[in-house]
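Chemist: Here's the letter readout for the chains.
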Amino acid sequence: MTATTTAPVAAPETRPAPRRPSPRLRAWATRAPLLPALIFMIAVTQLPFVATLVISFFDWNALYPDARSFAGLGNYQEVLTDEALRKSVWTTILLTVAVVLASLVLGLLLALLLDRKFRGRGLVRTLLIAPFLVVPVAAALLWKHVLYNPEYGLLNGLLHYVGGPQPDWISDTPLLAVEAALVWQWTPFMMLILLAGLQSRDQQQMEAARVDGASNWQIFRYLTLPHLRRYLELGALLGSIYIVQNFDAVFTITSGGLGTANLPYTVYQTFYQAHENGLASAAGVLVVIGSLVIATLALRVVSSLFREEASRA
Amino acid sequence: MSNVAVRTSGRFRSGAGLGLVAWLAGIVFFLPIAWMTLTSFHSEADAATNPPSFAAALTLDGYREFFGAGGGASPWPSLINSLVASVASTLLVLVLSLPAAYALSIRPVKKWTDVLFFFLSTKMLPVVAGLLPIYLFAKNTDMLDNIWLLVILYTSMNLPIAVWMMQSFLAEVPVAIIEAARVDGAKLPTILTRVVAPIALPGIAATSLICFIFSWNELLFARVLTGVVAETAPVFLTGFITSQGLFLAKVCAASLVISLPVLAAGFAAQDKLVQGLSLGAVK
Numbered sequence: 001m002t003a004t005t006t007a008p009v010a011a012p013e014t015r016p017a018p019r020r021p022s023p024r025l026r027a028w029a030t031r032a033p034l035l036p037a038l039i040f041m042i043a044v045t046q047l048p049f050v051a052t053l054v055i056s057f058f059d060w061n062a063l064y065p066d067a068r069s070f071a072g073l074g075n076y077q078e079v080l081t082d083e084a085l086r087k088s089v090w091t092t093i094l095l096t097v098a099v100v101l102a103s104l105v106l107g108l109l110l111a112l113l114l115d116r117k118f119r120g121r122g123l124v125r126t127l128l129i130a131p132f133l134v135v136p137v138a139a140a141l142l143w144k145h146v147l148y149n150p151e152y153g154l155l156n157g158l159l160h161y162v163g164g165p166q167p168d169w170i171s172d173t174p175l176l177a178v179e180a181a182l183v184w185q186w187t188p189f190m191m192l193i194l195l196a197g198l199q200s201r202d203q204q205q206m207e208a209a210r211v212d213g214a215s216n217w218q219i220f221r222y223l224t225l226p227h228l229r230r231y232l233e234l235g236a237l238l239g240s241i242y243i244v245q246n247f248d249a250v251f252t253i254t255s256g257g258l259g260t261a262n263l264p265y266t267v268y269q270t271f272y273q274a275h276e277n278g279l280a281s282a283a284g285v286l287v288v289i290g291s292l293v294i295a296t297l298a299l300r301v302v303s304s305l306f307r308e309e310a311s312r313a
Numbered sequence: 001m002s003n004v005a006v007r008t009s010g011r012f013r014s015g016a017g018l019g020l021v022a023w024l025a026g027i028v029f030f031l032p033i034a035w036m037t038l039t040s041f042h043s044e045a046d047a048a049t050n051p052p053s054f055a056a057a058l059t060l061d062g063y064r065e066f067f068g069a070g071g072g073a074s075p076w077p078s079l080i081n082s083l084v085a086s087v088a089s090t091l092l093v094l095v096l097s098l099p100a101a102y103a104l105s106i107r108p109v110k111k112w113t114d115v116l117f118f119f120l121s122t123k124m125l126p127v128v129a130g131l132l133p134i135y136l137f138a139k140n141t142d143m144l145d146n147i148w149l150l151v152i153l154y155t156s157m158n159l160p161i162a163v164w165m166m167q168s169f170l171a172e173v174p175v176a177i178i179e180a181a182r183v184d185g186a187k188l189p190t191i192l193t194r195v196v197a198p199i200a201l202p203g204i205a206a207t208s209l210i211c212f213i214f215s216w217n218e219l220l221f222a223r224v225l226t227g228v229v230a231e232t233a234p235v236f237l238t239g240f241i242t243s244q245g246l247f248l249a250k251v252c253a254a255s256l257v258i259s260l261p262v263l264a265a266g267f268a269a270q271d272k273l274v275q276g277l278s279l280g281a282v283k
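Those protein sequences? They're chains A and B, same order as listed. Residue 282 in full-length UniProt numbering sits at position 282 of the first sequence, and the numbers go up by one each step. Residue 126 in full-length UniProt numbering sits at position 126 of the second sequence, and the numbers go up by one each step.
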């Protein structure tokens with residue numbers, strides 16, 4: 001901060017600051033604004049995870065605090081062999097893959113539609129974004145009570161008009177019911193990312209292809225799709241990161257019943273209702289390992305887009 | 001004007017059909033929200049009919065019920081809690097992320113990309129990874145059911161996104177302008193307020209709105225760490241999970257009122273929404 005009083009003799013072209021006082025002092029002055037945020041993040045996110053890791057090696061039920069003992073890998077063994085927990089791992093994968101794929105495909109179709117000029121495009125875009133801007137619990141309540149209700153829900157009401165069946169959506173297809181609600185909320189997210197991708201295409205290249213007689217399908221297949229690849233990857237990975245962690249929809253629509261309990265819900269239930277701290281921590285660590293795989297891929301995609309962005313600037 | 005129309009009319013005609021499809025898709029996606037809005041203005045008896053009564057008389061009873069007219073719990077304390085948690089954590093995020101973003105863009109530290117990616121990686125850590133220790137910590141320090149604990153947690157939840165977004169907005173400020181101001185003898189505070197702020201302000205505003213949305217929406221932390229005193233609006237909504245007889249209009253009114261701040265903030269930040277959600281990777 002002190003360096004600003006000494007005006008640099010020659011305006012430097014590159015970013016590294018002119019080194020006047022002592023290099024070490026300067027380096028710390030540069031670093032100082034960063035430290036509060038960095039320390040805050042380490043304290044609030046990394047330390048609790050380390051604690052989770054430690055607790056996961058203990059046999060610890062909060063109702064019997066005196067019976068706490070070191071369990072080694074016992075909790076992990078129990079998590080991986082417990083039928084209900086194993087099922088929740090499978091449910092998490094199924095839920096995430098289904099929601100991400102469905103909302104990605106729908107989002108791509110909507111983005112392609114919105115990429116063209118037509119009357120009222122801005123309004124349609126706004127209508128399409130709206131589902132993403134409903135509070136998740138409110139959206140889940142909307143689907144559970146207002147749409148899915150077998151007696152007076154809107155879905156069965158509309159089916160009534162065409163003389164269709166009157167299914168009990170949540171009881172008959174619980175996982176699909178949760179997935180549909182999530183797809184409705186996440187499609188706008190995918191659409192926005194893919195629309196940004198479509199609009200960053202090289203217009204000259206597209207025009208040249210069209211002049212050369214390429215059909216719409218050829219342009220989509222050989223120009224648009226390769227360009228969109230990384231945006232599709234980004235949407236899929238970010239979507240996975242958010243949906244793997246989903247708690248709101250499962251908690252609200254089925255309360256984890258009927259085989260819809262995913263890992264976050266199971267972790268919540270294991271310590272909040274069953275008070276099994278050790279087990280819950282082990283399950284939590286497993287969620288982290290699962291996310292780590294997705295996260296590594298996601299970071300790679302983000303960094304490649306980031307570098308491209310930097311080289312273009 | 002007519003000239004342009006003539007020249008592009010061919011493409012417009014082929015596009016008109018697809019424009020219609022787009023409109024249809026927009027309406028289908030919006031239908032649940034439109035229906036929720038309509039139902040919130042119906043009486044409970046009209047809200048629960050099959051087939052649905054589209055043209056039933058409108059009433060504000062659902063909203064009166066929601067705000068506690070029928071003797072139910074008032075939503076005001078939870079709305080105020082949500083407001084405090086969202087606004088306070090957003091302010092804290094700004095205080096922490098702006099200097100950090102400055103040190104990652106305008107006057108970057110060495111290996112600034114590594115630092116940036118560290119922030120991002122913390123966002124990938126699921127909430128359940130630290131939930132239990134945070135709960136135990138809160139229990140032992142008497143911080144359970146305290147809104148300020150949520151403020152801290154929401155700050156940590158949003159800080160990585162904010163640092164990424166702010167970094168990308170501050171990086172858009174041309175170095176040449178800053179250098180020129182410096183050569184002209186401007187001090188750091190002047191440079192920040194007169195040169196950097198005007199360029200970066202729209203981005204900073206959008207970032208704040210996105211942080212506000214995420215804090216307002218959060219359920220898991222709030223559900224585990226708050227009780228009667230610090231209950232937030234989403235936790236209040238979970239009271240509607242089990243059916244309570246005829247209560248559809250009330251549920252719709254509640255969902256709509258609690259979603260309004262998010263809808264407003266989201267539409268205000270529409271243009272920067274993608275950038276925030278994709279952690280700054282997409283512009």
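No lab work stands behind these hints: they were computed from the structure. Errors might be hidden in some of the hints.
[Stated by the list, open to error] Computed footprint of chain B on chain A, listed as stretches where at least three residues anywhere in the stretch have a Cβ under 8 angstroms from a Cβ of chain B: (1) 49–58; (2) 88–94; (3) 201–207; (4) 265–276.
Each residue gets a CB set at the ideal place from its N, CA and C atoms; glycine is no exception.
Chemist: Cut-off 8 angstroms, C-beta pairs, minimum 3 residues; does the coverage of the stretch 265–276 of chain A by chain B stand?
Modeler: Check passed, 4 qualifying residues.
Chemist: Just to make sure I understand the rule, a stretch counts as covered if three or more of its residues have a C-beta closer than 8 angstroms to a C-beta of the chain. Does the stretch 88–94 of chain A meet that for chain B?
Modeler: Since three or more residues must qualify, the claim that chain B covers the stretch 88–94 of chain A is violated, with 0 doing so at under 8 angstroms.
Chemist: Can the stretch 201–207 of chain A be counted as covered by chain B under the rule of three residues or more with Cβ-Cβ separation shorter than 8 angstroms?
Modeler: Since three or more residues must qualify, the claim that chain B covers the stretch 201–207 of chain A is violated, with 0 doing so at under 8 angstroms.
Chemist: Do three or more residues from the stretch 49–58 of chain A put their C-beta atoms closer than 8 angstroms to C-beta atoms of chain B?
Modeler: holds (count 4)
When the structure is compared with the earlier hints, violations turn up for hints 2 and 3 and for no others.
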